[in-house]
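**Q** In case you want the letters, here they are:
Protein chains: 2
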Amino acid sequence: MLAQSGGATAVINASAAGVISEAIASKSFNKILCAHFGMNGILKEDFFDVSDLSSESLELLEKTPASAFGSCRYKLPKFEDDEDIYRTIAKIFDRHNVSCLLYNGGNDSMDTCNKLSKYFDKTGFPCKVIGVPKTVDNDLVKTLYCPGYGSASKYIATTIEELALDTSVYEVGRITVCEIMGRDTGWLTASCAVASLSGKGPDLIYLPENDFEIDAFLKDAETIYRKKGHCLVAVAEGIRTDKGYVGAKETIDSFNHVQLGGVANKLTNLISLQLGINTRAIDLNLPQRAAAHILSLRDQQDAFKCGKRAVQLALEGQSGIMVSIGEDNDNTVYGEVQLSEVANAVKSVPKDYVSNDGAHISEKFFDYILPLIKGEVQLQYKYGIPHYFDSSKLKKL
Amino acid sequence: MLAQSGGATAVINASAAGVISEAIASKSFNKILCAHFGMNGILKEDFFDVSDLSSESLELLEKTPASAFGSCRYKLPKFEDDEDIYRTIAKIFDRHNVSCLLYNGGNDSMDTCNKLSKYFDKTGFPCKVIGVPKTVDNDLVKTLYCPGYGSASKYIATTIEELALDTSVYEVGRITVCEIMGRDTGWLTASCAVASLSGKGPDLIYLPENDFEIDAFLKDAETIYRKKGHCLVAVAEGIRTDKGYVGAKETIDSFNHVQLGGVANKLTNLISLQLGINTRAIDLNLPQRAAAHILSLRDQQDAFKCGKRAVQLALEGQSGIMVSIGEDNDNTVYGEVQLSEVANAVKSVPKDYVSNDGAHISEKFFDYILPLIKGEVQLQYKYGIPHYFDSSKLKKL
Numbered sequence: 001m002l003a004q005s006g007g008a009t010a011v012i013n014a015s016a017a018g019v020i021s022e023a024i025a026s027k028s029f030n031k032i033l034c035a036h037f038g039m040n041g042i043l044k045e046d047f048f049d050v051s052d053l054s055s056e057s058l059e060l061l062e063k064t065p066a067s068a069f070g071s072c073r074y075k076l077p078k079f080e081d082d083e084d085i086y087r088t089i090a091k092i093f094d095r096h097n098v099s100c101l102l103y104n105g106g107n108d109s110m111d112t113c114n115k116l117s118k119y120f121d122k123t124g125f126p127c128k129v130i131g132v133p134k135t136v137d138n139d140l141v142k143t144l145y146c147p148g149y150g151s152a153s154k155y156i157a158t159t160i161e162e163l164a165l166d167t168s169v170y171e172v173g174r175i176t177v178c179e180i181m182g183r184d185t186g187w188l189t190a191s192c193a194v195a196s197l198s199g200k201g202p203d204l205i206y207l208p209e210n211d212f213e214i215d216a217f218l219k220d221a222e223t224i225y226r227k228k229g230h231c232l233v234a235v236a237e238g239i240r241t242d243k244g245y246v247g248a249k250e251t252i253d254s255f256n257h258v259q260l261g262g263v264a265n266k267l268t269n270l271i272s273l274q275l276g277i278n279t280r281a282i283d284l285n286l287p288q289r290a291a292a293h294i295l296s297l298r299d300q301q302d303a304f305k306c307g308k309r310a311v312q313l314a315l316e317g318q319s320g321i322m323v324s325i326g327e328d329n330d331n332t333v334y335g336e337v338q339l340s341e342v343a344n345a346v347k348s349v350p351k352d353y354v355s356n357d358g359a360h361i362s363e364k365f366f367d368y369i370l371p372l373i374k375g376e377v378q379l380q381y382k383y384g385i386p387h388y389f390d391s392s393k394l395k396k397l
Numbered sequence: 001m002l003a004q005s006g007g008a009t010a011v012i013n014a015s016a017a018g019v020i021s022e023a024i025a026s027k028s029f030n031k032i033l034c035a036h037f038g039m040n041g042i043l044k045e046d047f048f049d050v051s052d053l054s055s056e057s058l059e060l061l062e063k064t065p066a067s068a069f070g071s072c073r074y075k076l077p078k079f080e081d082d083e084d085i086y087r088t089i090a091k092i093f094d095r096h097n098v099s100c101l102l103y104n105g106g107n108d109s110m111d112t113c114n115k116l117s118k119y120f121d122k123t124g125f126p127c128k129v130i131g132v133p134k135t136v137d138n139d140l141v142k143t144l145y146c147p148g149y150g151s152a153s154k155y156i157a158t159t160i161e162e163l164a165l166d167t168s169v170y171e172v173g174r175i176t177v178c179e180i181m182g183r184d185t186g187w188l189t190a191s192c193a194v195a196s197l198s199g200k201g202p203d204l205i206y207l208p209e210n211d212f213e214i215d216a217f218l219k220d221a222e223t224i225y226r227k228k229g230h231c232l233v234a235v236a237e238g239i240r241t242d243k244g245y246v247g248a249k250e251t252i253d254s255f256n257h258v259q260l261g262g263v264a265n266k267l268t269n270l271i272s273l274q275l276g277i278n279t280r281a282i283d284l285n286l287p288q289r290a291a292a293h294i295l296s297l298r299d300q301q302d303a304f305k306c307g308k309r310a311v312q313l314a315l316e317g318q319s320g321i322m323v324s325i326g327e328d329n330d331n332t333v334y335g336e337v338q339l340s341e342v343a344n345a346v347k348s349v350p351k352d353y354v355s356n357d358g359a360h361i362s363e364k365f366f367d368y369i370l371p372l373i374k375g376e377v378q379l380q381y382k383y384g385i386p387h388y389f390d391s392s393k394l395k396k397l
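First to last, the protein sequences are chains A and B.
Taking the working numbering, the leading residue of the first sequence gets 1, the next gets one more, and so forth.
Taking the working numbering, the leading residue of the second sequence gets 1, the next gets one more, and so forth.
Because the hints were derived from the structure by calculation, they are not lab data.
As the structure is a computational prediction, the values presented were derived from the model and not from experiment.
Be a bit skeptical, because a hint or two may be false.
For chains that are exact copies, the list does not tell them apart, and a pair is met inside one copy or across any two.
[Unchecked claim] Below, a list of computed lysine-lysine pairs in the DSS-like style, where the Cα atoms sit at most 30 angstroms apart:
hint	residue 1	residue 2
1	Lys347	Lys227
2	Lys305	Lys395
3	Lys393	Lys91
4	Lys395	Lys27
5	Lys228	Lys396
6	Lys305	Lys382
7	Lys75	Lys228
8	Lys228	Lys31
9	Lys243	Lys91
10	Lys266	Lys243
11	Lys382	Lys228
12	Lys227	Lys396
13	Lys228	Lys393
14	Lys227	Lys382
15	Lys393	Lys382
16	Lys31	Lys347
17	Lys382	Lys396
18	Lys227	Lys44
19	Lys91	Lys44
20	Lys228	Lys44
21	Lys305	Lys142
The following block holds chain A by itself, in its conformation from the complex (with noise of 0.2 angstroms):
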């Protein structure tokens, strides 16, 4: 049983297609399935049948962004509190002779995924829970990056690239602002300083990570202007002065986090008001992370193999972990991690990644990331667009 859990990505489905073709190769499985909606697919018995998926399928499956089988955003209550869920999870399971499931979400997930492990290790219910890491926002610990930050990055880094040639066009220009996702971490903001290596990168990067102090903001983007004629800012979401987050809004989603939004508009404001410069907010919104048309080649492939080894880890009867990435002597290495280690732990942009000035990025963070957005993806195309996997032609149980 595999489940797609949380925000998608543009590699989601790569681990996807990585668990489906393993499981059908491995002959271990009398059925493959995928919960539709993730958790809430699982306690409505709602699957699809994936076990006859043609290689033709699965080549399309690896290449489509957003979760084909459906997401879910579930909070699992402690089963101290609630053990009723768990008992009926338990008994869908047993119905259908689930034995592992393959959960594959970020942070949040694992916490879901931890949970369920410790309850099916608690009352001997014999079903592997196994973690395939997933997220654009690469906030994962115990894992050198996350499949999904990598193609994130090539796209947001792209659009960076051509949004400095773009907004350099006139002589007197604007100071545009750009946000990016990251409300806890700047790693997807931080990969737009990749631009900056062929001189086509923002003038000022802002990463939640640091505080952040409008009137330096201010000064600096003016003294850019003042002497280039434009200026591009990238800010992560989540960027916070001593006051709490500039963009923060009332709202608070079904996790306790703040949900952000408006980074760019409140600081383009401030531009118009205090420096009368003209000035413009972009915010790269959720194409960030559903841009499967530039991919990573190594983030698909990455994506795809976590996956596998998710399987493998199964059958090897390993249970209550996350496939994990590490590296030993350049070699890319699929290890494990406990799921108690990964759950609900936030990994934060080390302090050496970013300049001294607290605006830009250095050179450190490069070795880190350029692996990370090498290789090009080629997709089929149908009506001059992308042809991605539909999710509608797939078989339920």
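Given the coordinates of chain A, assemble chain B onto it according to the supplied hints.
**A** Only chain B this time, still in chain A's reference frame:
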């Protein structure tokens, strides 16, 4: 002399490459110059000398978005009102022996081009003036379509396809409103309908050509949301009710156009307040015109050929015309049209390209657009992102 004018496109430099390579090949010019920042560079005698640009550089230029030589939004006064500026230009052109001016822009730029051409005619100044069409908006009259539109459309349709996948992953999703460029015409917004051909398109599409009715929109969006669990809406920035632009702000640009923005935000606020449904606003913003990482091959080749044809027309002794694109028995024909006929005129999306309910696109539109977004351009990659032309290495005169 080549000048780039107006907002950039992903293929404006392909036209420049067409102009420069044809000018070099013709061996008819002592020097090939490009004005830095369009008309502003002409007035300051600030020119790049591209006479010796290598074929490698030209090939890179052909795949690079945004105006490599800088652009302008210059409004030339009527020469009856202020002849001085015309005299200045003639003096500068005389000093540099400028025998022809190729002006690459949209309908505002063709106005500048037309006025200058008429002045040169009237005064017998020996400089040909030829317009090269360029606009993502596709709103130039007397040409079947405009270079820039195909690539922007390919990017928009792809992005909407990916957003359709991303916004349908949850069982209970949102109403997502996506704002697309187009103040007066809906060409770009219409393009996203291409994603519908494979079932991954927007549920509702609204163009500025049709009266927008807020109540009908809210009703339709809610009906779709209640049925599917999510709804994806594409709106042109310029949609208007009988009271005016939905996204109107108070600012006016140098051509007296009302500056728009925030349509998606306004509509999502209404959805929140009146329907109480989760919603998200997405503004595709500048990447629509700047994204060259997913160029339309047809568009890029058209842009190149329009540039090339402009040089040929000038050498044939023509002036006061813009290169136009037409069709003859399924063959593309690069013809010409009088500048006075295109200056300031606007071509709307025909009524029969819109569905009867005014909330989607009709079949007929696909015959028009599909050829324009056909084919992909292979880019060079460096540091994992597209390798674009470096304007900072250009030689000044």
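**Q** Each hint needs a verdict: does it hold in this structure or not?
**A** Status of the hints after comparison with the structure:
no., hint, result
1, Lys347 x Lys227, "neither (37 angstroms within a copy, 40 angstroms between copies)"
2, Lys305 x Lys395, "within (25 angstroms within a copy, 48 angstroms between copies)"
3, Lys393 x Lys91, "within (29 angstroms within a copy, 68 angstroms between copies)"
4, Lys395 x Lys27, "within (20 angstroms within a copy, 65 angstroms between copies)"
5, Lys228 x Lys396, "between (58 angstroms within a copy, 18 angstroms between copies)"
6, Lys305 x Lys382, "both (28 angstroms within a copy, 25 angstroms between copies)"
7, Lys75 x Lys228, "between (49 angstroms within a copy, 23 angstroms between copies)"
8, Lys228 x Lys31, "between (62 angstroms within a copy, 29 angstroms between copies)"
9, Lys243 x Lys91, "neither (48 angstroms within a copy, 59 angstroms between copies)"
10, Lys266 x Lys243, "both (15 angstroms within a copy, 28 angstroms between copies)"
11, Lys382 x Lys228, "between (42 angstroms within a copy, 25 angstroms between copies)"
12, Lys227 x Lys396, "between (61 angstroms within a copy, 20 angstroms between copies)"
13, Lys228 x Lys393, "between (53 angstroms within a copy, 16 angstroms between copies)"
14, Lys227 x Lys382, "between (46 angstroms within a copy, 28 angstroms between copies)"
15, Lys393 x Lys382, "within (17 angstroms within a copy, 38 angstroms between copies)"
16, Lys31 x Lys347, "neither (36 angstroms within a copy, 57 angstroms between copies)"
17, Lys382 x Lys396, "within (26 angstroms within a copy, 44 angstroms between copies)"
18, Lys227 x Lys44, "between (61 angstroms within a copy, 19 angstroms between copies)"
19, Lys91 x Lys44, "within (12 angstroms within a copy, 79 angstroms between copies)"
20, Lys228 x Lys44, "between (59 angstroms within a copy, 18 angstroms between copies)"
21, Lys305 x Lys142, "within (17 angstroms within a copy, 54 angstroms between copies)"
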